[in-house]
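Quick mapping for you: the protein sequence lines, in order, are chains A and B.
Residue numbers for the first sequence, in the numbering used here: 1 to 247.
Residue numbers for the second sequence, in the numbering used here: 1 to 602.
No lab work stands behind these hints: they were computed from the structure.
Take the hints with a grain of salt, since some may be wrong.
Okay, derived cross-link-like pairs now, DMTMM-like style, lysine to aspartate or glutamate, Cα gap no bigger than 25 angstroms in a straight line [said to hold, decoys possible]:
1. B/220 to B/502
2. B/545 to B/572
3. A/147 to B/598
4. B/545 to B/586
5. A/147 to B/569
6. B/275 to A/168
7. B/541 to B/586
8. B/220 to B/569
9. A/147 to A/215
Quick caveat, the model's predicted, so the values are computed rather than measured.
What follows is each chain in one-letter form.
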Amino acid sequence: MATHIPAGYKWWTGGKSPYNLSYGKLMMWIFLMSDTFTFAALLISYGTIRVSSNYWPDPNYVFNTFPFMGDANLPLAFVSLMTFILIMSSVTMVLAVHEGHKMNRRGVEKWLLWTILGGLMFLGCQAWEWTHLITHVHPVLIDGQIKEIGATISQNHFGAAVPGLMHEGHQVHLPGPVGFGNFFFGITGFHGFHVTTGVLLNVLMYFWVRNGRFDRLGHYEMVEKAGLYWHFVDLVWVFVFLCFYLI
Amino acid sequence: MSNEAAIHPGVISHGFQEHQEAHHHHESFITKYIFSQDHKMIAKQYLITGMVWAFIGGLMSVLFRIQLGYPEATLPWLEDIFGHWAKGGKISPEFYYALVTMHGTILIFFVLTAGLSGTFANFLIPFQVGARDMASPFMNMLSYWFFVLSSIIMLSSLFIQTGPAAGGWTVYPPLSALGDASIGSKTGMDLWLISMALFVVSQLLAGLNYVSTILNMRTKGMTMTRLPLTVWGLFFTAILGLLSFPVLLSGFILLLFDRHLGTSFYLSDIVIAGKILPNEGGSSILYQHLFWFLGHPEVYIIILPTMGIVSEIMSINSRKPIFGYTAMVASLFAIAVLSFLVWAHHMFVTGMNPFLGSVFVLLTLLIAVPSSIKVFNWLTTLWRGNIRFTVGMLFSIGFVSNFISGGLTGIWVGNSTIDIHVHDTYFNIAHFHIVMGVSAFMGMFAGVYHWFPKMYGRYMNNTMGYIHFWVTLVCAYVIFWPMHYEGLAGMPRRYYDYSTWESFKQFVELNRVISFAAFVSFMAQILFLFNFFYSIFKGRKVTTKNPWGATTLEWTTPIRPGHGNWPGEIPEVHRWPYDYGKDGVDFISQTEPVSKNESGGH
Ligand code: HEM
Ligand SMILES: [Cu+2]
Numbered sequence: 001m002a003t004h005i006p007a008g009y010k011w012w013t014g015g016k017s018p019y020n021l022s023y024g025k026l027m028m029w030i031f032l033m034s035d036t037f038t039f040a041a042l043l044i045s046y047g048t049i050r051v052s053s054n055y056w057p058d059p060n061y062v063f064n065t066f067p068f069m070g071d072a073n074l075p076l077a078f079v080s081l082m083t084f085i086l087i088m089s090s091v092t093m094v095l096a097v098h099e100g101h102k103m104n105r106r107g108v109e110k111w112l113l114w115t116i117l118g119g120l121m122f123l124g125c126q127a128w129e130w131t132h133l134i135t136h137v138h139p140v141l142i143d144g145q146i147k148e149i150g151a152t153i154s155q156n157h158f159g160a161a162v163p164g165l166m167h168e169g170h171q172v173h174l175p176g177p178v179g180f181g182n183f184f185f186g187i188t189g190f191h192g193f194h195v196t197t198g199v200l201l202n203v204l205m206y207f208w209v210r211n212g213r214f215d216r217l218g219h220y221e222m223v224e225k226a227g228l229y230w231h232f233v234d235l236v237w238v239f240v241f242l243c244f245y246l247i
Numbered sequence: 001m002s003n004e005a006a007i008h009p010g011v012i013s014h015g016f017q018e019h020q021e022a023h024h025h026h027e028s029f030i031t032k033y034i035f036s037q038d039h040k041m042i043a044k045q046y047l048i049t050g051m052v053w054a055f056i057g058g059l060m061s062v063l064f065r066i067q068l069g070y071p072e073a074t075l076p077w078l079e080d081i082f083g084h085w086a087k088g089g090k091i092s093p094e095f096y097y098a099l100v101t102m103h104g105t106i107l108i109f110f111v112l113t114a115g116l117s118g119t120f121a122n123f124l125i126p127f128q129v130g131a132r133d134m135a136s137p138f139m140n141m142l143s144y145w146f147f148v149l150s151s152i153i154m155l156s157s158l159f160i161q162t163g164p165a166a167g168g169w170t171v172y173p174p175l176s177a178l179g180d181a182s183i184g185s186k187t188g189m190d191l192w193l194i195s196m197a198l199f200v201v202s203q204l205l206a207g208l209n210y211v212s213t214i215l216n217m218r219t220k221g222m223t224m225t226r227l228p229l230t231v232w233g234l235f236f237t238a239i240l241g242l243l244s245f246p247v248l249l250s251g252f253i254l255l256l257f258d259r260h261l262g263t264s265f266y267l268s269d270i271v272i273a274g275k276i277l278p279n280e281g282g283s284s285i286l287y288q289h290l291f292w293f294l295g296h297p298e299v300y301i302i303i304l305p306t307m308g309i310v311s312e313i314m315s316i317n318s319r320k321p322i323f324g325y326t327a328m329v330a331s332l333f334a335i336a337v338l339s340f341l342v343w344a345h346h347m348f349v350t351g352m353n354p355f356l357g358s359v360f361v362l363l364t365l366l367i368a369v370p371s372s373i374k375v376f377n378w379l380t381t382l383w384r385g386n387i388r389f390t391v392g393m394l395f396s397i398g399f400v401s402n403f404i405s406g407g408l409t410g411i412w413v414g415n416s417t418i419d420i421h422v423h424d425t426y427f428n429i430a431h432f433h434i435v436m437g438v439s440a441f442m443g444m445f446a447g448v449y450h451w452f453p454k455m456y457g458r459y460m461n462n463t464m465g466y467i468h469f470w471v472t473l474v475c476a477y478v479i480f481w482p483m484h485y486e487g488l489a490g491m492p493r494r495y496y497d498y499s500t501w502e503s504f505k506q507f508v509e510l511n512r513v514i515s516f517a518a519f520v521s522f523m524a525q526i527l528f529l530f531n532f533f534y535s536i537f538k539g540r541k542v543t544t545k546n547p548w549g550a551t552t553l554e555w556t557t558p559i560r561p562g563h564g565n566w567p568g569e570i571p572e573v574h575r576w577p578y579d580y581g582k583d584g585v586d587f588i589s590q591t592e593p594v595s596k597n598e599s600g601g602h
């Protein structure tokens with residue numbers, strides 16, 4: 001297998017490699033640890049601001065819509081679907097890596113494509129959710145006047161209901177805590193950015209698999225590294241899901 | 001596929017081999033000196049970039065020391081150079097704030113983080129663990145160029161109309177979040193944040209390389225317990241950076257959002273220029289937590305590499321093994337862990353719960369334990385040594401002296417009861433300049449003088465080196481020692497003119513003395529720069545492979561090693577790096593097999 005190593009070169013001569021890992025995988029693991037701290041910092045900041053606010057919107061109320069279902073009240077249904085898609089894409093990634101171990105190029109191609117598709121679907125869902133939140137306006141009482149606003153990074157309509165005040169058949173609310181939009185769009189956006197990077201990485205892997213780069217190298221370790229990243233992004237979503245939708 | 005198979009071709013494909021095939025026979029000027037992937041060249045690039053920054057940052061301190069030492073003076077030439085920033089020959093208050101802010105940012109991040117780790121991690125790690133280069137030379141090069149990009153942006157902020165950031169090196173909101181708050185919070189602040197974000201990326205790329213090179217690329221026989229302390233110091237430094245810089249990045253991202261997207265992460269209930277801002281619910285204290293979660297580890301990111309350098313140089317020049325190798329490594333480890341648990345000692349006056357404050361006092365004082373273990377070990381290494389007072393050795397001793405002086409005041413400010421009084425006074429300035437600023441520079445100079453022969457195949461001039469050392473040492477104490485008294489008398493930091501305050505008038509002369517010493521010290525650094533560049537071309541040539549009689553692997557390479565470091569095979573390691581004076585032998589190189597009649601131990 002290692003025929004292209006010139007005679008006399010010893011690349012790793014320190015006995016057994018620590019953790020039996022190549023340096024590339026080690027780097028990926030360390031990077032993920034480091035990125036964990038980025039997300040931890042954001043989520044802990046979110047936690048502190050949220051517990052110090054005296055009002056916070058109920059996720060069952062904020063996230064209760066579903067595409068093409070009109071005003072049907074379906075709390076957390078859509079985000080469950082998103083989460084399911086992302087987790088399935090992790091499963092297909094595992095299969096791609098597995099095929100890589102068997103040096104089966106076709107198999108890797110197939111499962112990578114599914115993973116890319118899963119990632120794109122997740123991003124599509126997120127785009128829909130954001131658009132819905134931003135463009136769907138609700139009546140809000142601001143400075144004694146009723147205004148129709150959507151939920152953006154700087155304002156939202158998820159405050160407490162104003163008892164007895166209706167506007168064109170809709171209950172009027174107070175403005176919600178600014179921090180809600182700040183952190184929701186900030187953190188899900190940052191996570192979405194990670195998913196996007198992951199999809200691009202997978203696309204790159206797909207092309208490298210197709211043109212036989214890894215067959216020439218004799219291993220599919222790069223796909224494994226991309227896989228590590230993908231699972232990490234998935235895992236982070238579980239925490240985001242927990243912090244924004246469940247509690 | 002077996003892991004073994006993944007390891008070998010993997011290394012080949014990213015490592016030295018691919019590079020060698022591609023470039024070896026036709027290395028152009030560009031690939032050799034500019035976009036180099038050779039760890040030695042990248043180290044020199046970091047060093048010289050760091051020197052440029054150190055010159056700029058030092059010059060800034062000279063300028064604001066003019067203001068502090070001579071608040072009445074008008075110097076027309078200042079106006080000639082700086083225009084409206086120094087109208088009438090007097091540094092304007094806005095300029096003064098910009099100067100202190102950029103001075104701190106530049107010296108802490110660009111010189112003592114990137115310049116210091118960048119130089120010595122790149123230069124020493126592959127040499128001392130016995131590798132041909134970093135794990136990923138390409139990422140290593142990328143890290144340097146991200147640093148350059150970040151530098152260019154920071155530098156450009158000095159030339160824009162509203163000037164650079166001017167809210168202190170910690171850029172606390174709300175001042176830094178609101179463009180209307182001061183001119184230093186306008187475009188300069190954005191450039192500062194963007195530059196620092198790129199800086200974090202550069203640090204992450206570098207750190208990943210350092211850690212994986214140390215763990216995965218060691219030569220045969222180089223177990224972790226045989227690593228020189230320099231490598232251990234750089235190892236913990238890289239880990240600290242990898243785990244704390246991302247938190248800073250998060251903090252900066254939120255700050256950028258507050259500046260431009262109308263969010264209120266750090267803002268609440270603010271009236272500015274008579275206007276009530278709509279922001280509510282945010283917390284500026286949150287920023288302080290995110291900042292100091294990096295900020296405290298950052299001070300150790302600066303000091304740990306120099307601790308390693310000094311340990312190495314002291315052992316070599318005392319011709320004695322380092323005292324307590326295991327204790328040294330253990331205390332580096334303890335410092336690394338504890339440094340994540342003490343950040344709130346920078347925030348005792350933020351109104352935190354006194355009970356929480358006392359927890360942080362306890363954790364903070366705990367850090368003094370491993371720190372003093374290290375100090376005692378350095379002193380015992382010197383004890384009854386056969387000391388050679390090379391310039392590098394003098395700077396190492398200077399390091400220990402300053403580290404003790406500044407560490408002792410650390411115990412003062414570490415107690416919240418005292419710190420509540422001296423927080424944000426010159427006492428704090430004295431503490432951290434001595435323990436971090438001067439110490440780290442001493443360690444860095446020690447390293448430069450010591451490894452210069454390996455870098456350029458020539459020696460630096462000794463006479464200039466001795467002058468550099470003594471002037472720097474004396475001036476450092478003359479500058480920073482009196483600041484303790486000023487701080488205890490309540491003199492706050494970051495004020496523009498103390499002579500107008502009845503209670504601080506007594507310090508007018510003292511401030512003048514401090515400023516004078518600062519100018520002299522700056523001249524001494526110019527002498528160093530001259531010595532450095534002069535010696536690259538004209539220094540005395542190194543004629544033997546191992547001029548200091550040292551045991552570590554870098555001295556087994558040719559005097560001017562090529563890319564790949566060892567012309568033949570990488571040597572195998574048989575012993576720890578501190579066999580000095582063992583069994584009456586002056587020194588035994590790490591590559592020497594242990595002979596049968598050697599006494600025990602390592
Ligand atoms: C004996 C160990 C040490 C203790 C207990 C200690 C404690 C402290 C405390 C409590 C403060 C906050 C003072 C205030 O803001 O009022 C402080 C400031 C500072 N310390 Fe230390 N320190 C120690 C060693 C070090 C070391 C080794 C370094 C750097 C290598 C360092 C660098 C700094 C810096 C840079 C600041 C000031 C940051 C700023 O406010 O701009 N300290 N130290
Ligand atoms: Cu600290």
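ask   = Can you give the numbers of the hints that this structure goes against, from lowest to highest?
value = 1, 3, 5, 6, 9
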